[in-house]
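Here is how the chains run, residue by residue.
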Amino acid sequence: METLQRNWYPIASSSDLPFRHTFHGQLLGREFAVWRADDGYVNVWENRCLHRGVRLSIGINDGAELKCQYHGWRYANRTAGCTYIPAHPADAPARTICNRTYPAVEQYGLIWSGESPDGEPPQIAEFDSGVPFALRPIPVNAPADLVASKLGEYTFQPSARIDGDGATVQSEIGPAGCISLMSAEDDVASRVLFFVQPVDSNRSVIRGVLCECPEPPDEHAVLMHHNQRVSALRDLIEAEAVKLPTPEPMQPVIHRVSEELASMPQQTLSGRTAPLRVQVSRKWDAADGIAGIELTAVNGQLPTFQPGAHIDVHMPNGLVRQYSLTNGPGETQSYTIGVKLEPDSRGGSQCMHEDVRQGDVLAISEPRNNFPLRRDAIETLFVAGGIGITPLLSMARALGHSNLPHELHYFAQSGQHMAFPDVLASLDEALVPHLGLDPQATGKQLDKLLGGYEPAMHLYVCGPGPMLEATRRIAAEHGWPDESVHFEYFKNTNEIDDSSSFEIDLARSVMTLQVPAGKTILEVLRDSGVDVPSSCEQGACGTCMTTVLEGEPDHQDVYLNESEKSSGDCIMTCVSRAKSDRLVLDI
Amino acid sequence: MAMQRSQIELEHELRDDWHVIADIESFAGSDRCRTRLFGVDLIATKTEEAMYEVTRQDTGKAIEWAARYGFLWASLGTPARDIVDIPEARESDRYLVTGGSIAVNVSGLRLVENFLDMGHFPFIHTDYLGVEPHTEVPPYKVEISADDEIWATDCSFFQPVASPTAKGGFMVDYIYRVIRAYTVSLYKSNPTQQDRMDSIYLFVQPVDEENCVAHPFLCYLKDGMDEATVRWFMQLIFAQDKPILENQFPKRLPLDPRAETPIRADASSVLYRRWLRSHKISYGAIAAAD
Numbered sequence: 001m002e003t004l005q006r007n008w009y010p011i012a013s014s015s016d017l018p019f020r021h022t023f024h025g026q027l028l029g030r031e032f033a034v035w036r037a038d039d040g041y042v043n044v045w046e047n048r049c050l051h052r053g054v055r056l057s058i059g060i061n062d063g064a065e066l067k068c069q070y071h072g073w074r075y076a077n078r079t080a081g082c083t084y085i086p087a088h089p090a091d092a093p094a095r096t097i098c099n100r101t102y103p104a105v106e107q108y109g110l111i112w113s114g115e116s117p118d119g120e121p122p123q124i125a126e127f128d129s130g131v132p133f134a135l136r137p138i139p140v141n142a143p144a145d146l147v148a149s150k151l152g153e154y155t156f157q158p159s160a161r162i163d164g165d166g167a168t169v170q171s172e173i174g175p176a177g178c179i180s181l182m183s184a185e186d187d188v189a190s191r192v193l194f195f196v197q198p199v200d201s202n203r204s205v206i207r208g209v210l211c212e213c214p215e216p217p218d219e220h221a222v223l224m225h226h227n228q229r230v231s232a233l234r235d236l237i238e239a240e241a242v243k244l245p246t247p248e249p250m251q252p253v254i255h256r257v258s259e260e261l262a263s264m265p266q267q268t269l270s271g272r273t274a275p276l277r278v279q280v281s282r283k284w285d286a287a288d289g290i291a292g293i294e295l296t297a298v299n300g301q302l303p304t305f306q307p308g309a310h311i312d313v314h315m316p317n318g319l320v321r322q323y324s325l326t327n328g329p330g331e332t333q334s335y336t337i338g339v340k341l342e343p344d345s346r347g348g349s350q351c352m353h354e355d356v357r358q359g360d361v362l363a364i365s366e367p368r369n370n371f372p373l374r375r376d377a378i379e380t381l382f383v384a385g386g387i388g389i390t391p392l393l394s395m396a397r398a399l400g401h402s403n404l405p406h407e408l409h410y411f412a413q414s415g416q417h418m419a420f421p422d423v424l425a426s427l428d429e430a431l432v433p434h435l436g437l438d439p440q441a442t443g444k445q446l447d448k449l450l451g452g453y454e455p456a457m458h459l460y461v462c463g464p465g466p467m468l469e470a471t472r473r474i475a476a477e478h479g480w481p482d483e484s485v486h487f488e489y490f491k492n493t494n495e496i497d498d499s500s501s502f503e504i505d506l507a508r509s510v511m512t513l514q515v516p517a518g519k520t521i522l523e524v525l526r527d528s529g530v531d532v533p534s535s536c537e538q539g540a541c542g543t544c545m546t547t548v549l550e551g552e553p554d555h556q557d558v559y560l561n562e563s564e565k566s567s568g569d570c571i572m573t574c575v576s577r578a579k580s581d582r583l584v585l586d587i
Numbered sequence: 588m589a590m591q592r593s594q595i596e597l598e599h600e601l602r603d604d605w606h607v608i609a610d611i612e613s614f615a616g617s618d619r620c621r622t623r624l625f626g627v628d629l630i631a632t633k634t635e636e637a638m639y640e641v642t643r644q645d646t647g648k649a650i651e652w653a654a655r656y657g658f659l660w661a662s663l664g665t666p667a668r669d670i671v672d673i674p675e676a677r678e679s680d681r682y683l684v685t686g687g688s689i690a691v692n693v694s695g696l697r698l699v700e701n702f703l704d705m706g707h708f709p710f711i712h713t714d715y716l717g718v719e720p721h722t723e724v725p726p727y728k729v730e731i732s733a734d735d736e737i738w739a740t741d742c743s744f745f746q747p748v749a750s751p752t753a754k755g756g757f758m759v760d761y762i763y764r765v766i767r768a769y770t771v772s773l774y775k776s777n778p779t780q781q782d783r784m785d786s787i788y789l790f791v792q793p794v795d796e797e798n799c800v801a802h803p804f805l806c807y808l809k810d811g812m813d814e815a816t817v818r819w820f821m822q823l824i825f826a827q828d829k830p831i832l833e834n835q836f837p838k839r840l841p842l843d844p845r846a847e848t849p850i851r852a853d854a855s856s857v858l859y860r861r862w863l864r865s866h867k868i869s870y871g872a873i874a875a876a877d
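Sequence lines, in order, name chains A and B. In this text, residue positions in the first sequence follow my numbering: the first is 1, and each later residue adds one. In this text, residue positions in the second sequence follow my numbering: the first is 588, and each later residue adds one.
In short, the hints are calculated from the structure, not lab data. No incorrect hints appear here.
Which residues of chain B face chain A? A few of them, derived with a C-beta cut under 7 angstroms, are:
| hint | residue |
| --- | --- |
| 1 | P720 |
| 2 | V724 |
| 3 | Q835 |
| 4 | P844 |
Quick reminder that beta carbons are idealized off the backbone N, C-alpha and C, glycines included.
Here chain A stands alone, though its shape is the one from the complex (with noise of 0.2 angstroms):
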């Protein structure tokens, strides 16, 4: 038995594998789930879906992934891991749940796989010359030994002559144990290569493969002959294997899932909530390598934002990312956010582009705006680079539908980077598209924009952490004051120095409480059973500011500009700290 489980055997044939088909194969007691993605990659699963035991192959092929029929639950495809859990479109569990996979390799017209086989699928010699052609595969009730010991005495015409029966055939044992035979007539021959898929002790299939497919006319003649003399080979196997005793079925090894798996995920009751419900109504390409995403609300009204505000979106994977909603005023049917797939994605762009689909549902966070729109501007100028176009896309709308002077220069690699272009349009000629420009010459076009500062001018400032650094040193020497520059960061790329510890006082919950090294001012809130809003965790979006009432903090953060950090009244708790032994916090 064990010697077995080491070999290749062909399971399915090529054209068991048609558009977003799923087969239901078997091999050596164990079923398999076999399908072929769009992408070409042929998948060879346990044929059961982990939560409940259903069978995948009764699932839907999607082209991508493997959906299966009772629960939803959706696998991908190559590696089988579970990407969505419908019954839980909140949950985050840092898990993987991933089923059990088979090789596959697909050649000479079969697929090809086993229980745990060594090296490669044998190579065959008789199928270099010409192109190998699988016959109709005929499932017979014996065992796999006694199958191919009656296969040595099969007898066929060449396909040239399919109508003669004068042809001599002479049979050998191949290549990796097939049954290789020669039939000839006058100065025609053919071959045929017999593989035996062991599907269970006592039940198998004859896989055929012809060394040289025939011509078009004759192919269908051919197939008939095989397929009248393989049957007629079957009902004489299939006699004898009755007189024998029959063997008991063979027992695969159902494999245990992990402790952790078995344990059932229980639910976070503190951190970030995701109390809303929103499904994919539509993906699109916004623009070269960003998705376009309208979420629309499973039950009822999407709350009400506002120009800047962003959403914590919890993915299927586990991951929270926060995105900016594009929407323009008025849209509230939907929120729109876009999504750039980043080249060193940790697994939240990279879930967005490639997991979520339309249709699913997902978990997301109500709107909160951290980088309000002030609307009193006699002057209102928007500095967008690349993906940081979002939340200025929703501003610059906004601005636009009540006639306020405004100006968004975008800066991007190329019009193809240009994203949402229907949008762009509609903003007519308050739009600036800056192309192609380097660090410098990025640098010499801002020094021109931002010259001509005037008091109650405002600036609104997104994009990648360079550029933004170099925009707010030049409004600096342009004379912009702190109050008027307006900045949101993707992300916090400081390096964070928790090293240090301290005591908070909590003024209204008349608490005290340390801060050890290497726990944030908001984990230990939180370990102390008090909820304080928080969104990206990392210094960068603003919803866990605090006001700090005494004591000096150590800010860490890139919410914060200079004269915010430097009166001392307020902290991001999730990552800045105390420089003081004591901060006393209005929680």
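Since the structure of chain A is provided, determine the placement of chain B on it from the hints.
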């Protein structure tokens, strides 16, 4: 591969209990009915009006029977308790609906677990008991009651067609109850009489370890309903479950906690499997390795 076990091994809790073996309507066209319980072939004969005889085919011996709620019940042993009491069945303003019995090639314990499960509504009972994208199973409570039943309360699920009188979808509240290993019920709020509940009992006949017959029994308030619609709905729902259940592998319910992957929505089935383990019920189950 149906594993047959002798009656000696059958747990007393199952042997000395009542099980539905037929819908009384099965005798409408004939006086005899062949069936099977725990792998034992039975012949039920109607001897006179409301009188029956149930005999084992292997020994030829007569066994105890009872007729209640429109079903014929039997026991392979000596019943240690009465048939499950259903107070709603005594309320005259309810339809008591049978006629939905359906054979399913899977362990009856799997069928019970499916009955407790809300997560499959949008996928298996699409447009009736659920519809995508309303797939979330909100948290609910599940506990073992003082009389050793499992109660799942505060259950709710979005239902597109909660009843024939309902317009549009809304959240429907459910209570689930595991009364015995092969007997389960649910209660859901009646759309017109908000303070009363419609109930569905499911008596599962263990034909053998890998085959069962589901015998649903519905106690629906007549108000705004007609009996044929209730029966049609019941037959439709159970027919939708059958092909999925018959594709579960293995066919017996694995009691090893590491055999399958539960999620929070499965809290009631997790408790059910634990409850079966503590009751040492293994008929229709794959015992957990100790």
